[in-house]
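Colleague: Note that the protein sequences, when read in sequence, are chains A and B.
Residue 202 in the numbering used here is what sits at position 202 of the first sequence, and the numbering runs on without skipping anything.
Residue 207 in the numbering used here is what sits at position 207 of the second sequence, and the numbering runs on without skipping anything.
Misleading hints may appear alongside valid ones.
[Said to hold, decoys possible] Here are the simulated BS3-like cross-link-like pairs (lysine-lysine), alpha carbons at most 30 Å apart as the crow flies: (1) B/397 with A/160; (2) B/387 with B/397; (3) B/10 with B/149; (4) B/121 with B/149; (5) B/149 with B/397; (6) B/191 with A/158.
[What the hints assert, rightly or not] Only some residues are given here: those of chain A computed to face chain B with a beta carbon under 10 Å: (7) 33; (8) 34; (9) 153; (10) 166; (11) 171; (12) 199; (13) 205; (14) 214; (15) 215.
None of these hints come from the bench; they were simulated from the model.
Heads up, the beta-carbon is just placed ideally off N, CA and C, and yes, glycines get one too.
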Amino acid sequence: MARALLAVALAVHLVGIALAAVGELRHREAVARAGALALAAAWLLELATLTAIGLAASAFPLRTGPEYLLVLGWFVLTLHLALWYRSRVRAAALVLPPVAALMVLAGFLLADPPSRTSPLTTQGWFVFHTSIATAGVAALAVSFAMSLLFLVKERALKTKRSLRVLTALPTLEALDRIGFQALLYGFPLLTLGIATGMVYSATVHDHIWIWGAKEIFPVIAWAVFAGLLWARFARGVRGRRSAILAIAGFAFALLTFVGMVR
Amino acid sequence: MLTLVGMSHKSAPLDLRERACFAENAVPDALARLLASTTVSEAMILATCNRVEILCRTADGGVAAPAVTAFLARERGIELPVLERHLYVREGLHAARHLYAVACGLDSMILGEPQILGQVKRAYAVARGCGATGVVLDRLLQHGIAAAKRVRTATGISRHAVSIAYAAATLARTIFDDLSGRSALVLGAGKMTELAARHLVSQGVRDLVVTNRTYSRALQLAEALGGTSVAWDTFGEELARVDIVVTGTAAAHPVVTRAQVREAVRARRGRPLFIVDIAVPRDVEPAVGELDGVYLYDVDDLQGAVDAAMDERRRAAEEAWRMLDVEVVAFDRWRQSVDLGPTIAALSGRLHALGEDELRRFARRLAGLSPEQQAVVRDLARSLIQKVLHTPIVSLKSAAVRGEASARAALYREIFGLDDPRPDAEGSGTGPTHAIQGGKDD
Numbered sequence: 001m002a003r004a005l006l007a008v009a010l011a012v013h014l015v016g017i018a019l020a021a022v023g024e025l026r027h028r029e030a031v032a033r034a035g036a037l038a039l040a041a042a043w044l045l046e047l048a049t050l051t052a053i054g055l056a057a058s059a060f061p062l063r064t065g066p067e068y069l070l071v072l073g074w075f076v077l078t079l080h081l082a083l084w085y086r087s088r089v090r091a092a093a094l095v096l097p098p099v100a101a102l103m104v105l106a107g108f109l110l111a112d113p114p115s116r117t118s119p120l121t122t123q124g125w126f127v128f129h130t131s132i133a134t135a136g137v138a139a140l141a142v143s144f145a146m147s148l149l150f151l152v153k154e155r156a157l158k159t160k161r162s163l164r165v166l167t168a169l170p171t172l173e174a175l176d177r178i179g180f181q182a183l184l185y186g187f188p189l190l191t192l193g194i195a196t197g198m199v200y201s202a203t204v205h206d207h208i209w210i211w212g213a214k215e216i217f218p219v220i221a222w223a224v225f226a227g228l229l230w231a232r233f234a235r236g237v238r239g240r241r242s243a244i245l246a247i248a249g250f251a252f253a254l255l256t257f258v259g260m261v262r
Numbered sequence: 001m002l003t004l005v006g007m008s009h010k011s012a013p014l015d016l017r018e019r020a021c022f023a024e025n026a027v028p029d030a031l032a033r034l035l036a037s038t039t040v041s042e043a044m045i046l047a048t049c050n051r052v053e054i055l056c057r058t059a060d061g062g063v064a065a066p067a068v069t070a071f072l073a074r075e076r077g078i079e080l081p082v083l084e085r086h087l088y089v090r091e092g093l094h095a096a097r098h099l100y101a102v103a104c105g106l107d108s109m110i111l112g113e114p115q116i117l118g119q120v121k122r123a124y125a126v127a128r129g130c131g132a133t134g135v136v137l138d139r140l141l142q143h144g145i146a147a148a149k150r151v152r153t154a155t156g157i158s159r160h161a162v163s164i165a166y167a168a169a170t171l172a173r174t175i176f177d178d179l180s181g182r183s184a185l186v187l188g189a190g191k192m193t194e195l196a197a198r199h200l201v202s203q204g205v206r207d208l209v210v211t212n213r214t215y216s217r218a219l220q221l222a223e224a225l226g227g228t229s230v231a232w233d234t235f236g237e238e239l240a241r242v243d244i245v246v247t248g249t250a251a252a253h254p255v256v257t258r259a260q261v262r263e264a265v266r267a268r269r270g271r272p273l274f275i276v277d278i279a280v281p282r283d284v285e286p287a288v289g290e291l292d293g294v295y296l297y298d299v300d301d302l303q304g305a306v307d308a309a310m311d312e313r314r315r316a317a318e319e320a321w322r323m324l325d326v327e328v329v330a331f332d333r334w335r336q337s338v339d340l341g342p343t344i345a346a347l348s349g350r351l352h353a354l355g356e357d358e359l360r361r362f363a364r365r366l367a368g369l370s371p372e373q374q375a376v377v378r379d380l381a382r383s384l385i386q387k388v389l390h391t392p393i394v395s396l397k398s399a400a401v402r403g404e405a406s407a408r409a410a411l412y413r414e415i416f417g418l419d420d421p422r423p424d425a426e427g428s429g430t431g432p433t434h435a436i437q438g439g440k441d442d
């Protein structure tokens, strides 16, 4: 039941992506609105799926890597919809919904049989750790999207070729600013996620640290983001270099899932 | 019938357009004379620096072009043969299509320029204000103006900048959130730099610093633009502070070097710097454009943006024409439904006349009834005829919505013999009220 619901949600999600992209790139307001509406519907359907999974298991749907991916994708879509309705940075529709869809799709394809879940994963402390980490990575996804758009726009400005790109995307300043704001939310959450993970690991497994992808990549990502924040505050680094670091940090944060779904 | 007689930059030289042009305050009187001296029943005059057009309608379907041409010749004191060589005439739906295209800027000197729509609105307001327009022109203009707005928004025909100075300001707007409160440095005090700086000021740039080798010129331009001036050899400090630089000096060699800007970039702490170099030979070393956070545009780059914008507009124009044709068809359907007026009136007149005939024929046999009962019989007959009329009229109107009104009307005229020269077919005198209702229904 949850799987069928999720398949429908993904289909609606894809329709929303296509409509939103056409709407933004071709300046069709009505199409862009239809896209946003479809994405909102996909958001509801994905929420329904997560609820169904949670009810069936009587636990938060954050027990396995694939479930984690579903929640992450849904979070990213949530932030995108909030950004779409609240700000003028509508071009994020070109990046965030596809990123969210990829996460949900990965969760859909990799879905574990419930037998593999450990009873430990239903504990409150673990749920707290995973929710915090997911919210953090979702905020970093917004930073990633803005950084990617920044690089595309800055490239167009430097090469002086694509007028369409220049007018379709938000201003350089807006992309830089919103990307940075997302980082300011995402970084503390990521920090808290890593810290709670260590505490959890210490209480359950009796060790704080093990050399696994799930442990190493978040810490590398954290180091990259910490370096980026230091560079911005202390050295006034902005723009292209800041964008590249934000993209790299997000890539490392995503690699965490290699350790979770194998 | 609709008729449009006019001349534009495409058909007539400037001196003739100047002679043919109407001042706005002279238009109401001219319209009054046009309506009084010709068979024209509705009219509007559109007069801009690039075109003079008279749009009119004759109620009886007669040809208006020769009379309107003669009127224009008389009114503006231009010899008729000269005028005729440079005029174009559009009739019927071609006139509607031409008006729509003009309102969209498709016939403008600079494709898609937005001012013309305002001028069309103004011309319509003047004509309407002096009572020169009626049912058809009102509908045509209101529909046309709304259609032009839709077409402009949907196709983006007016979106991109098509002059160098404007392109510079537009590019600045793709970098900075908001130009108001931004600062700009102007190097050189020539015509082109002044124009570019004026565009920036019109976009909200407030803090303007002007410098020039000859300081007095810098002072003059700064005063004219409401900015300040600094000595030429101190502009390096400004590079670290301002957001936008416009240069256009007559120097033979670059005056802004890579080393200079590199130093400024370090002090800027990542704030983007937009440099517009409109000088030939260039004022800014091309290598400056490679620096991080610096966006350097020279004349060719700006011209490239202008050319690209023109290409975009030409592409948009093709789509705009397609949309316009749909709008013209919509207007045509409305017009057809108006043309149904006489047919509907004739049909109704014919059937009611038949009813009257029959009542007269039965008059003697009804004589035994009381006056009240006779009135009831008459009402019965009328009501029956109204009921019979209802479906054919509805069907005719819905045919008009599909654009098939003419054929359907011809069929009715044949079936009911509406064109037969019989006295009882004379119901068409009440046409216009039906005509207006017919128009509102769809």
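Colleague: State for each hint whether it applies.
Modeller: Now the hints, each set against the structure:
Between residue 397 of chain B and residue 160 of chain A, the direct Cα distance comes to roughly 56 Å. Violation of the 30 Å bound is thereby established for this hinted pair. For the hint linking residue 387 of chain B to residue 397 of chain B, the alpha-carbon distance of about 16 Å falls within 30 Å, and the restraint holds. Among the hinted pairs, residue 10 of chain B with residue 149 of chain B is consistent with the structure: their alpha-carbon atoms are about 24 Å apart, no more than 30 Å. A threshold of 30 Å between alpha carbons decides the hint, and for residue 121 of chain B with residue 149 of chain B the separation of about 11 Å falls inside it, so the pair holds.
As the CA atoms of residue 149 of chain B and residue 397 of chain B are separated by approximately 28 Å, the hinted pair is consistent with the 30 Å bound. Taking the CA atoms of residue 191 of chain B and residue 158 of chain A, the gap is about 27 Å. The hint holds against a cut of 30 Å. At a threshold of 10 Å, the smallest CB-CB gap from residue 33 of chain A to chain B is about 14 Å, leaving the interface hint violated. Restraint check, residue 34 of chain A versus chain B: the minimum CB separation of about 15 Å is more than 10 Å; hint violated.
Taking 10 Å as the C-beta cut-off, the interface hint given for residue 153 of chain A holds, the closest approach to chain B being about 8 Å. Hint status for residue 166 of chain A relative to chain B: holds, with the closest Cβ pair at about 5 Å, below 10 Å. Because the closest C-beta pair between residue 171 of chain A and chain B is about 5 Å apart, less than 10 Å, the hint holds. With 10 Å as the threshold, the beta carbon of residue 199 of chain A stays out of range of chain B, its nearest partner Cβ sitting at about 37 Å, so the hint is violated.
Interface hint at residue 205 of chain A: violated, since its Cβ lies 43 Å from the closest Cβ of chain B, which is beyond the 10 Å cut-off. Violation of the interface hint for residue 214 of chain A is found here, the shortest Cβ-Cβ separation to chain B being roughly 35 Å, above the 10 Å cut-off. Annotation: residue 215 of chain A was flagged as interfacial toward chain B, and the flag is violated, the nearest CB pair being 33 Å apart, outside 10 Å.
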